[in-house]
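Engineer: So the chains spell out like this:
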Amino acid sequence: MSASSAFNDEKGGSSSVGEPEYGHDPASGGIFSSDYKRHDDLKEMLDSNKDSLKLEAMKRIVAMIARGKNASDLFPAVVKNVACKNIEVKKLVYVYLVRYAEEQQDLALLSISTFQRGLKDPNQLIRASALRVLSSIRVTIIVPIMMLAIKEAASDMSPYVRKTAAHAIPKLYSLDPEQKDQLIEVIEKLLADKTTLVAGSVVMAFEEVCPERIELIHKNYRKLCNLLIDVEEWGQVVIINMLTRYARTQFLNPNMNESFLEEGSDKTFYGSDEDSDEEEEDKDKKVEAPMVKRKPYVMDPDHRLLLRNTKPLLQSRNAAVVMAVAQLYFHLAPKAEIGVIAKALVRLLRSHSEVQYVVLQNVATMSIKRRGMFEPYLKSFYIRSTDPTQIKILKLEVLTNLANETNISTILREFQTYIKSMDKDFVAATIQAIGRCATNIGEVRDTCLNGLVQLLSNRDELVVAESVVVIKKLLQMQPEKHSDIIKHMAKLTDNIQVPMARASILWLIGEYCEHVPKIAPDVLRKMAKSFTNEEDIVKLQIINLAAKLYLTNSKQTKLLTQYVLNLAKYDQNYDIRDRARFIRQLIVPTEKSGALSKYAKKLFLAIKPAPVLESPFKDRDHFQLGSLSHLLNAKAGGYQELPDWPEAAPDPCVRNVEVPEWTKCSSREKRKEKKVDKPFYSDSDAESGPTESADSESDSASGSESGSGLEESGSGSESEESEEGSESEEEVDKKKKKKIELKKPVQVSESEQSSEEEVRKHERKNKQRKSISESESDDEEESESESSQSESEDSESEAEVKKKKKAAETKPPPKPVKKECKKEKKEMSLLDLDDFEPTPSPQATPLNSFLSSSLVNDLEGLSLSDAVLSPATISPCSALKSYELLHRITGEGLCVEYCFSRQPFPPDGNMVSVQMQFTNNATSDTKNLHMEDVKLQSGMRVNEFTEIELLPAGETASAVMGIDFCDSTQAANFQLCTNRRKFFVSIQPPVGELMRPVFLTENEFKKEQEKLLLGQLMGMNEISEKLTLDVKCRNEHAIVQRVITAANLSRVPCGSDKECRPPLPPPLPPVHRFGGRTVTSGSLVLATVSSREDGAAQLTVNCEKMVIGTMLVKDILLALTQ
Amino acid sequence: MTVAEMIHSLFLINHAGDIFLEKHWKSVISRSVCDYFFEAKEKAVEPENVPPVLQTPHHYLISIYRDKLFFLSVVQTEVPPLFVIEFLHRVADTIQDYFGECTESLINDNVVTLYELLEEMLDNGFPLATESNVLKEMIRPPTILRSVVNTLTGSSNVGDKLPTGQLSSIPWRRAGVKYTNNEAYFDVIEEIDAIVDKSGTTVFAEIQGVIEASVRLTGMPDLSMTFMNPSLLDDVSFHPCVRFKRWESERALSFIPPDGNFTLMNYHVSSQNLVTIPVYVKQNICFFETGPCGRLEITVGPKQTMGKTVEALMVTIHMPKAVLSANLTATQGNYSYDLATKVLVWDIGKLNPQKLPNLRGSLSLQSGAPKPEDNPSLNIDLKIQQLAISGLKVSRLEMNGEKYKPFKGVKYLTKAGNFQVRT
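One line per chain: the protein sequences are A and B, in this order.
Going by my numbering, the first residue of the first sequence is number 81, and it counts up by one from there.
Going by my numbering, the first residue of the second sequence is number 7, and it counts up by one from there.
Be aware that one or more of the hints could be misleading.
[Unchecked claim] Here are the computed lysine-lysine pairs in the DSSO-like style, where the Cα-Cα straight-line distance is at most 27 Å:
{"no.": "1", "chain 1": "B", "residue 1": "K421", "chain 2": "A", "residue 2": "K274"}
{"no.": "2", "chain 1": "A", "residue 1": "K423", "chain 2": "B", "residue 2": "K356"}
{"no.": "3", "chain 1": "B", "residue 1": "K417", "chain 2": "B", "residue 2": "K399"}
{"no.": "4", "chain 1": "B", "residue 1": "K421", "chain 2": "A", "residue 2": "K1091"}
{"no.": "5", "chain 1": "A", "residue 1": "K567", "chain 2": "A", "residue 2": "K553"}
{"no.": "6", "chain 1": "B", "residue 1": "K251", "chain 2": "A", "residue 2": "K1091"}
Derived from the structure by calculation, the hints contain no laboratory data.
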């Protein structure tokens, strides 16, 4: 009660807002005069010429404002101090002005000139703060002044001032929407800004002023994507949300084929049959119109760019950023890639309860559409007794959504503990959840029903009531089986008082009165007795019951019905009176009664469809996830609809920025181009992420900062021009690259004349080598390992950037160059000292997942002739060896083959992904293909493939499963089950599949090898074997090919390339090096093959895992000598 | 016509429901808007159960509950709710950072400073400066010494130099930091979240870790930290200073740190590693069908402690409402039973493996009240110094970019997070 009284007090207090100050202290009317005196004090203090007095006065005034007291009468005294020299006084005056200017517009105008002066100040911070205050004063008269100020500030030298200008745009717009057109011009200009500082703020302005002008984003799209990682957190959220909408208008639905299938299988089995038939057999001559139109899906590289550049932000500490990325993936990513967001979202469940609340709401929506994504995290949604009720109920919702045949027993066991909770609201929700599981999963319906019936004897009435309601719904599905339950419930009417439950029981008895012919009339008798005391919903059901009984058993119940209807006729509630009148007309035949009464029985006792217990979160995803509208399930003001995917993609060229070369190049080159264009846009800022920006900072911190503001490029004093310089420099670089590699060393030595340290030269050579090996692999090793290739490509482009930076830095005076060198050296030493892990390319992961997903798509029988994916992408898997899991004969027509696809297994990085191909050679369909009874050595884990519901005769299907072999070659045993039979099968990996490639440079490789040898890394191993190479396998290509087929390693670009090595007199025997890491423990695996002309060769494997090393040597040996 | 802005107004409300601070970033919204919130608060009984997002006819109210205070923001249009929630928590963090604690009285004492802070943190409802380093450059946190000096000299706590942090590309670090003792300390703190069922089997267990840093280094140091066993880390989130690509490629944390205290990284230990549960609990709580009483017996013992001592052991039980009082004896530590909140707390302290602590005795129930349906679950608190239970170890901490040699240190601590034993 104490809280409520306080609440009333508060209300009393709040009503006095806006009244003069004295209203606040009603207890002492005498204060009135002293109050006025106090204000006089303040005025005096403000008029004094001592800053300390002014400050004291302003502090007291601001404290008044903070407490919501009125200080408006001090306006004239305060506004005089707007030009005060003391910064703190000035700040507090600003606070006051912004608060009261709207109320006292005329007086506020007095301050304007001060700000106008401030706008011209040489110090950027003063300019910015003047604009901030000026734009915050909501005085319509100064709109033109604001407009002018914003325009000017938008082309200010300082990015900070430009940021402030962006902030001012929505302020002005809200003050005067007439200015929209002019403001859009400013927005357009600021959107082109290249600094991270401005990006977030201007997109914010865009969203508030002209979110419909999506075409303004085209030219800036790629830049925004690339800047994103360095924008401050809040800006990231706004940009990501906007880009989600943008992508929905510009790109094609990456799941369009799947969603079609999905829809089909939702409806009927037949439907899905036909669909998949068509998909696979006659792709070309499809009958259905929509299918004819559908072209093979190719993801726009810009779409990919967005997905790739937002993914790292899942690691942000800011929950809003994580959520923004998650919704972007949910709305935009191909189905196979969405999984990555689950982990991040589950992480947020550890955060504050408000964050949990919002995240769970979104997870609830997502888990309906994409259940599989959260299934591995089922236990993270288990409920603790200390969770707030609203969190408990949301977790329950998620658990219910995740329930399926395999996990339902675990979930029900959890639910059992929840039912005993002391939190009764939560218990009620649990009962509802059980009901939903029971309706969705037929197998457990009886178990659930029995459980719920047991709850009917619970001591808590609420629990019983809730159970009754749920049981009623379940019984409706198969009433004939459960007449004993109905009887049991009939007895409950004596005890149970909760209206909803009583009503449910009565409805049940009425509906199924034929199953309980003896009890029903008796219940009606009792109810007739208590009719007047019942709640309205119960009364309505009594009338219903009476009517139904009258129709089926009028002998026994005629009089009772009459009695009830008479009672109802005089009820206070007009609904009940209406109902009684209506029913009487229908069921009691009179002369006047119309034709309808003949059908009364049909009307009342028609078979009613069982209710579908649906999640309240179903279909909520038509709201953009993470939005307020989604949370409230109602459109909030200013909500921008998430558009549907377009049927055909709009012209992607609109996003091209005018660099003629780009449009010309082939798709393959385009891909490279994209990587290169990063530095073009954002220079150091975007390309290498925080690394670079931080580097540039250490420069600018030592360099001069002050007026020139933030610089994008490396050294502090450079301006736009030099930036452009570096751009063109880069342009040149690109051209260079296109020329033959041979020329490169020359170029380098040219630009390097200024005699630099050996280290640098050396390093550069390394890079040179890298880039060359990359192009070489393009030429001849296309079929080998795509991932390693893309890695080398990546690091190559990084090298490019660094080189470019250096090139840019050779221009300015030698000082910065020196610094740069030092820095380079440091970085080198950093690498040397503390990394025993080599450097795989930074972007390897996204790329790989990209590949794997497309692979999955491909194998799912979806047409895919992706131009973005070069043929090399898919070819390695065609070279992969496939193994038989189940022979056609033992499998009774079902033939299963598997191969190790060498792609990362997205749900779990420690798993080896196994691609399974099922072929049904039998004459009948095979259903429900799934795994059971997995038997594993300790430590091993399996991620089962998703059940294949139907495999029609003659069809082929594929699935991917993941196995964590724990770096052992132990077999994973399990049963492969169909609707008819179970087969014991096992998968045993060749040792070469237990690793994944790692990109190493030759130097790194040697260093690592040395480390392993010297036992620096815990006493290591080397296994060497001499061999004679098969005649066919003496050339380099064959060796590489065979080793890579035998083991999932990546080739180390080696120094035997003649072009980049300075001519050495004695040609050394060619050495081939390969690197990888074991999948589970990540131990390094290094393999070296050195061969001589005559075929004599030596194979060396270094690996801290002795067993793996030994086995690998055997396998490679075999591959090389065959 | 109204136009979107993110956060329109902020109200701070104490436990009793009094508004003690209001701040508007645009036109003034009457406090009466909070009435809808008070209504919901009334309904929710527990403050934790007030829905964080409320809809009123003209506004949306998004609130957080922290340190017994409500931070209530008023929003007029569509905005990602997490955006606002996250921001409100930053405000609370900033208050804590500046004034030591987030309480009504401290806020009232520093109302002007807070007002200045809020002014800097949001511009037109959009976050402007939320980094503690930047804010501290603009508005100095109050210290006793400074407030004495300020009153004597009339100088202010607003920075007289203009801040540069906001302008740099590393907004989290202020420029020109100087220390005579350069030190960088890191605390690796791991929390065990677990649900253990009646029979002692673990239903669910995981380890969440955080690396808290306290870095006081001169200039622009560039730090990098590597781990002996980074593969343990399954899911991570970083302070914005951490270079993501270095982590991706080398599993090394490379960063230019903010000045002062900050959370460097949060992590989750991959679930495949079995979580070691340091203690076991034997319990027997039962309520008799007849007579107003029940029995309680709890014993705690060490399970897997890696040879370390378990400290600050504490068992908390939320008793059913019907439990009137508890008459217990503890062989070690003290117990207390709060009649109002029905919370039994047994503070054990250090766990002695030779003589296991035990708490036993009787519970008396309200006469006439039915026997509680369910036994309450136990929440365990504990600490183990010098141990990261996952086995995570920092292998190296390097500094580049500055010449001096800093003091470095890493401490490990294991705590019970959400550790619940069902009965």
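Engineer: Run through the hints listed earlier and report the numbers of any the structure violates, in increasing order.
Structural biologist: 1, 2 and 4
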